[in-house]
Every structure is written in structure tokens, then in C-alpha cells.
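There are 2 protein chains.
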Amino acid sequence: MTLHFKQVAIVGVGLIGGSLGMVLKRDADADCIIGVGRRVGNLRTAVQMGAIDRYVEDPVDAVAGADLVVLATPVDSYAHHLKAWADRLQPEAIVTDVGSVKGPLVAQAEAFMPEGAHFVGAHPIAGREKTGVAAGSVDLFRQARCILTPTVRTNPQALERVRTMWEVAGSVVSTMDPFVHDHVLGAVSHLPHVAAYALINALLDVQTRSASAVDLLSFSGGGLRDTTRIAASSPEMWRDIFLWNRQKLCEFIDVYVQQLQQLKRCIETGDGSAIEKELERAKQARERLN
Amino acid sequence: MTLHFKQVAIVGVGLIGGSLGMVLKRDADADCIIGVGRRVGNLRTAVQMGAIDRYVEDPVDAVAGADLVVLATPVDSYAHHLKAWADRLQPEAIVTDVGSVKGPLVAQAEAFMPEGAHFVGAHPIAGREKTGVAAGSVDLFRQARCILTPTVRTNPQALERVRTMWEVAGSVVSTMDPFVHDHVLGAVSHLPHVAAYALINALLDVQTRSASAVDLLSFSGGGLRDTTRIAASSPEMWRDIFLWNRQKLCEFIDVYVQQLQQLKRCIETGDGSAIEKELERAKQARERLN
Chain R
9 MTLHFKQVAI VGVGLIGGSL GMVLKRDADA DCIIGVGRRV GNLRTAVQMG AIDRYVEDPV
69 DAVAGADLVV LATPVDSYAH HLKAWADRLQ PEAIVTDVGS VKGPLVAQAE AFMPEGAHFV
129 GAHPIAGREK TGVAAGSVDL FRQARCILTP TVRTNPQALE RVRTMWEVAG SVVSTMDPFV
189 HDHVLGAVSH LPHVAAYALI NALLDVQTRS ASAVDLLSFS GGGLRDTTRI AASSPEMWRD
249 IFLWNRQKLC EFIDVYVQQL QQLKRCIETG DGSAIEKELE RAKQARERLN
Chain W
9 MTLHFKQVAI VGVGLIGGSL GMVLKRDADA DCIIGVGRRV GNLRTAVQMG AIDRYVEDPV
69 DAVAGADLVV LATPVDSYAH HLKAWADRLQ PEAIVTDVGS VKGPLVAQAE AFMPEGAHFV
129 GAHPIAGREK TGVAAGSVDL FRQARCILTP TVRTNPQALE RVRTMWEVAG SVVSTMDPFV
189 HDHVLGAVSH LPHVAAYALI NALLDVQTRS ASAVDLLSFS GGGLRDTTRI AASSPEMWRD
249 IFLWNRQKLC EFIDVYVQQL QQLKRCIETG DGSAIEKELE RAKQARERLN
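Protein sequences, first through last, are from chains R and W. Take any residue in the first sequence, note its place counting from 1, add 8, and you have its number in our numbering. Take any residue in the second sequence, note its place counting from 1, add 8, and you have its number in our numbering.
Note that these hints are calculated values from the structure, not bench results. Misleading hints may appear alongside valid ones.
Below, a list of computed lysine-lysine pairs in the DSS-like style, where the Cα atoms sit at most 30 Å apart [said to hold, decoys possible]:
(1) R:K91 with R:K33
(2) R:K33 with R:K138
(3) R:K291 with R:K91
(4) W:K256 with R:K285
(5) R:K256 with W:K285
(6) W:K33 with R:K138
(7) R:K91 with W:K285
(8) R:K138 with W:K138
(9) W:K285 with W:K91
(10) W:K138 with W:K291
(11) R:K138 with R:K91
(12) R:K14 with R:K91
(13) W:K91 with W:K138
(14) W:K256 with R:K291
(15) R:K138 with R:K291
(16) W:K33 with W:K138
(17) W:K91 with W:K33
(18) W:K256 with W:K291
(19) W:K285 with W:K138
(20) W:K256 with W:K285
(21) W:K291 with R:K256
(22) R:K138 with W:K285
(23) R:K138 with R:K256
(24) R:K256 with R:K285
(25) W:K14 with W:K33
(26) R:K285 with W:K285
(27) W:K291 with R:K291
(28) W:K91 with W:K14
(29) R:K291 with R:K256
(30) W:K138 with R:K291
(31) R:K33 with R:K14
(32) R:K285 with W:K14
Chain W is faced by these chain R residues, among others (derived, beta-carbon under 8 Å) [what the hints assert, rightly or not]:
(33) R46
(34) V48
(35) V55
(36) I133
(37) V222
(38) E286
(39) A293
Built from N, CA and C at the ideal position, the CB exists for glycine as well.
Using the sequences and the hints, build the whole thing.
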């Protein structure tokens, strides 16, 4: 797999954008990787860590001559960014992203592409409770899944180049319709985040309502720590993901609440065999994840 | 801290009972540690691993001459066990347990104690998604919390000996009213288990209801894996814990469902600042757990 780019623009040099820059610097034949971001300190770190060659203030200066643009900013800002520079893309330029929601965002990005430029939606599924390029690594995507979300409008050659890039990063690449992606990720990623954030807030509520002065969280064990680890993720990023996938997510929250209420009914009525059956069903499915 | 026992009986030589046996063998001056259990293969492993000196079939043979009896069986079986041998306890014998529910069980165990014998409730908070003595370790309780649950009926000397035992095991020991224990652990341990089991089952439901053939769980990342790790715990054990703490637990499930529904309303109505506020509140509390 060979991969050559004349000029790569990475718009948003955070954990994901920065780590992808490191991969491109190490494994791709890229003449120049230019970072675009708001925080100069972070961009300097990105240069030191070998994620980008240099950075510019005005995204147009990075995008205009690029044959690859990686949009790695929060999903809610896509329209703002594309509006600012999409019409400056050169013919055959590829724009790809790394966002956690795809359906409405891919459609939006495609609409911004000028004649001859190609958008390819991508979602590397890599750990994200830390943020910033300083937490990045050339190995972040190794053995992680990456989902590409082509549509009828996607250019096949552009799709293949993006696929090669993620294979070079060590990812297990698959393709999926953008809306199927949001169904799948809504279930296996967005819902668990809702579950974790709400669980911590439920404990804070129990603490507030309780007459007892005992500090609940100080008695937590490994179970609570694991169950709520992802509740330390970026509120700003997850707010946007929740909003952009709101329909699916609300549907799945309903399914989750139904499960909780069903289990509660079994507990309330003392139906031990029904409880055990539910827990056994979950345990067996969970063991497939290991 | 010196700890001497003439004869220790460990009834239920699983992960917790077995690991405690290893601690007593290494650090206490115990003339003899006798295991009682149903599975001979497991008891043989316990001898090989240095958790017990020998084992007997009839619990009376282990309990009759013991000055310490560790009841380390599922909480639902306490009455069955105590009925079988409590009247054979010698004067000044201490019976202690390791169960995850305390309130009603401590009261029950105290009622079984003959004149002169002492019950001390204890709950070491140690990882339990694995079971059996083979997963045990002399270090299992190191730096873990252990909660003792004395009542007005608890003998102060017996309480101190049990406290010393858990300090020798390396635990951070605290004391709490048995019903306060069930409030605290219901919130920080039992509710997260309900949340994890129900989350996996919700995903199975989404999978079943969905027209898509995509195998949802094959797209899970580290987030789902962590969030549901404890759903691989023993269904039998957690069934009993849920039932014995049913009142508190059902109350907490209601609080959790309220939190989920509140977050869902914010997502549904597109109230980004309310979502971010909820997530920020959770993130700040979660960071205290690290």
C-alpha cells in the first residue's frame, strides 16, 4: 500500500487529527502536512510531536493547494469550516473527516463540495476520554475499527485512497451507509455515553436527597469506575454528537429505560428466576466483547 | 497487629473466601484453616493454592471447634447455613461474612447466634467479575475498602478482631450501620450493575428490532467494553444481591431513569446548553473517582 500526497491540511489538530498526522508523517509520502487550529500552543506541540510540518492561521492557506484535507474538528463546526474554504479546494482534492456522527453531516459536506472535489466520510473508533494532540500517538488507530461511509455520490478512487490511509494507520476498515453508521454507533457508543453520564448524575442526586452524610462516591469500587469512565469525556464534543444523532439516540434511550424498568419490576416482585434469566442473557452477550 | 486463631472455618471457598484464607495462612497465626464447600475440585485447588489446610464435607466438623467462622457463600444461603451449624458454635466464637448486602442479613445472622457467640458483618469491596478460588490472590483486598457493619448487639472485642483481620489483609476498613451500608452500596455498586446488565440487554433488543443485518456488538469500542464489564459478573450472585437490597435498589433505579429521561428531553428539544451542563456536572464528579 503506497500513499502519496502533495499537501495535507489537517483542520483541527487534536487527539484524532494529530494522531492521524503522525501516521501520515511516518507512513505516507506526504510532501507537506499543514495544521490549522485555534490554539497556537497546541499547534506548536503538534509540530514538536511530529504530527504536522507547520501550521497556518488562515485555513485557506492550508486548503487551497491540498490534495487531502482532514476535517477533525467537532461535528457541529463542519458547516462553518466548509463554508469558509470549500470553494477554494482544487480539482480532485479529497476531503475526509473523523466525526462520530455521519448521516446528516455527510450529506451536508457533500453539498459543500465544488465540482471535482470529493468528500469521503470516515469514523475511526478510537478512545477519546482524553483530548488534545499531547495525548496523541502514532499507534492510536492500530487494531481499532474505522468505518467509512460512502454514498452514491462518493468517488470510488477517493474512497480507496482514504481506505488505504486508514489501513496504513493499522485500522480494521469497513464501509457502511452513513445512516446505518448512526444506528450502529448510536447503539454501541452514544447510548453507553448517555448511560454513563446519567449514572454519575443519578448518584449525585441520591447524595443530595439522602439524609446521610456519607460521601457515596468515596465508597466506589472498580465497577463504578469502569462503568462511568467515559463520563469523563468532553461535554462539548458529546453534546454535539447527541444532538446530531438525536432521533436514533432518543429511540435507544427509550429501549434502555424499558430494560431498566423491566428489571426493576422483576426485582420489586421478587421474581428471582426472571432476574437471573435477564442477567444471564446480558452476561453471555457481554462475554462476546472480550 | 497480631492475630491468633485456633481453628478457622471458611464456609464457601470461592474468590473471596479463598483469598481471605490465603491472607490468614500467610499473616495470621492460625493453627488450622478448614474449608467447607460443595465442589471437591475447587477445594483441592484451595489446598494447592494455600487458601486452606484441609477440607471437610460436613460443615459441623469445621465449625464445632472453630474460634473464627467466615461465611463466604451467596447471601441467599446464609439462613440455610446458619440453621445447619450455628447451635454448634463454641462460646466466644466469631462468625463473620463477606456479603454485599447487610441490613436484613446481619439481623438474620444475629438471631441465629447462640449465647456467647458473636456475629460481625463485613463487606470487602473487591473485584468480582471472576469467581472461584483459582482467581483468588493474597493481594485481592490490598488497598480495597472493607466495610464492617456493627449493630448495638455486636461484641466490641469480636469487632476489633475482625477489623484487625481486614487491616492485615491490607484493606481500608470503615464501619457503618448495616442499613446505611445498603444505601451506599446500593448506589455505588448495585445500581451500576443494574445499569450495565440492562445496557447490554438494550443493545440486544435494538439488534432484534432492527431491520439491519449489521452485528452491533462487533462495532463496540473501549467505551462499551468498560461500561459493561461488570455485566459479566455472576447472575446467581447478583440476583440475590438485587433481591436482598430490593427496596433501595428500586428507589435508585427510579432516580436513574429520571436522569435518563431528563437528558433525553434536552436532546429531543435540542437544548445544547442544558445537555452540556448535565455532562459537565457528571464529568466533574467522575474525575473525583480517579
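Here is how each hint holds up against the structure:
1. About 28 Å separates the Cα atoms of K91 (chain R) and K33 (chain R), which keeps this hinted pair within 30 Å; it holds.
2. Between K33 (chain R) and K138 (chain R) the CA atoms are separated by roughly 22 Å; this keeps the pair inside 30 Å, and the hint holds.
3. Among the hinted pairs, K291 (chain R) with K91 (chain R) is inconsistent with the structure: their alpha-carbon atoms are about 48 Å apart, more than 30 Å.
4. For the proposed pair K256 (chain W) and K285 (chain R), the alpha carbon gap of about 22 Å is at most 30 Å, so the pair holds.
5. Simply put, K256 (chain R) and K285 (chain W) have alpha-carbon atoms about 22 Å apart, close enough for the 30 Å limit, and the pair holds.
6. For the suggested pair K33 (chain W) and K138 (chain R), the alpha carbons sit about 43 Å apart, so the restraint of at most 30 Å is broken.
7. With a CA separation close to 29 Å, the supplied pair K91 (chain R) and K285 (chain W) stays within the 30 Å bound.
8. With a CA separation close to 29 Å, the supplied pair K138 (chain R) and K138 (chain W) stays within the 30 Å bound.
9. A hinted pair counts as satisfied when its Cα atoms are at most 30 Å apart, and K285 (chain W) with K91 (chain W) does not qualify at roughly 53 Å.
10. Distance check on the hinted pair: K138 (chain W) and K291 (chain W) sit about 29 Å apart at the alpha-carbon level, within 30 Å; holds.
11. Simply put, K138 (chain R) and K91 (chain R) have alpha-carbon atoms about 29 Å apart, close enough for the 30 Å limit, and the pair holds.
12. For the suggested pair K14 (chain R) and K91 (chain R), the alpha carbons sit about 23 Å apart, so the restraint of at most 30 Å is met.
13. Note on K91 (chain W) and K138 (chain W): the hinted pairing holds, with a Cα-Cα distance of about 29 Å set against a maximum of 30 Å.
14. About 24 Å separates the Cα atoms of K256 (chain W) and K291 (chain R), which keeps this hinted pair within 30 Å; it holds.
15. The suggested pairing of K138 (chain R) with K291 (chain R) holds, with an alpha-carbon distance near 29 Å, which does not exceed 30 Å.
16. With a C-alpha separation of about 22 Å, the suggested pair K33 (chain W) and K138 (chain W) falls inside the 30 Å cut-off, and the hint holds.
17. The hinted pair formed by K91 (chain W) and K33 (chain W) meets the criterion: a straight-line CA distance of about 28 Å does not exceed 30 Å.
18. A distance of roughly 25 Å separates the Cα atoms of K256 (chain W) and K291 (chain W); the hinted pair therefore holds under the 30 Å criterion.
19. Taken as a hint, the K285 (chain W) and K138 (chain W) pair is broken in the structure, with Cα atoms around 37 Å apart against an allowance of 30 Å.
20. Only pairs whose Cα atoms come within 30 Å are accepted, and K256 (chain W) paired with K285 (chain W) is accepted, the gap being roughly 28 Å.
21. Between K291 (chain W) and K256 (chain R) the alpha-carbon distance is near 24 Å, which keeps this suggested pair within the 30 Å criterion.
22. Restraint check for K138 (chain R) and K285 (chain W): the C-alpha separation of about 19 Å stays at or below 30 Å, so the hint holds.
23. A hinted pair counts as satisfied when its Cα atoms are at most 30 Å apart, and K138 (chain R) with K256 (chain R) qualifies at roughly 26 Å.
24. For the proposed pair K256 (chain R) and K285 (chain R), the alpha carbon gap of about 28 Å is at most 30 Å, so the pair holds.
25. Simply put, K14 (chain W) and K33 (chain W) have alpha-carbon atoms about 12 Å apart, close enough for the 30 Å limit, and the pair holds.
26. Straight-line distance between C-alpha atoms of K285 (chain R) and K285 (chain W) comes to about 37 Å, which puts the hinted pair past the 30 Å bound.
27. With a C-alpha separation of about 28 Å, the suggested pair K291 (chain W) and K291 (chain R) falls inside the 30 Å cut-off, and the hint holds.
28. The hinted pair formed by K91 (chain W) and K14 (chain W) meets the criterion: a straight-line CA distance of about 23 Å does not exceed 30 Å.
29. The suggested pairing of K291 (chain R) with K256 (chain R) holds, with an alpha-carbon distance near 25 Å, which does not exceed 30 Å.
30. The suggested pairing of K138 (chain W) with K291 (chain R) holds, with an alpha-carbon distance near 12 Å, which does not exceed 30 Å.
31. Taken as a hint, the K33 (chain R) and K14 (chain R) pair is honoured in the structure, with Cα atoms around 12 Å apart against an allowance of 30 Å.
32. A distance of roughly 43 Å separates the Cα atoms of K285 (chain R) and K14 (chain W); the hinted pair therefore is violated under the 30 Å criterion.
33. Checking R46 (chain R) against chain W by beta carbon gives a least distance of about 18 Å; that is not within 8 Å, so the hint is violated.
34. Taking 8 Å as the C-beta contact cut-off toward chain W, the hint placing V48 (chain R) at the interface is violated, the least distance being around 25 Å.
35. Violation of the interface hint for V55 (chain R) is found here, the shortest Cβ-Cβ separation to chain W being roughly 29 Å, above the 8 Å cut-off.
36. Hint on I133 (chain R) holds. Least Cβ distance to chain W is approximately 4 Å, under the 8 Å limit.
37. This hint holds: V222 (chain R) has a C-beta 6 Å from the nearest C-beta of chain W, less than the 8 Å allowed.
38. With a cut of 8 Å, the hint placing E286 (chain R) at the interface with chain W holds, because the nearest CB-to-CB distance is about 6 Å.
39. For A293 (chain R), the suggested interface contact is upheld, since its CB lies about 5 Å from the closest CB of chain W, less than 8 Å.
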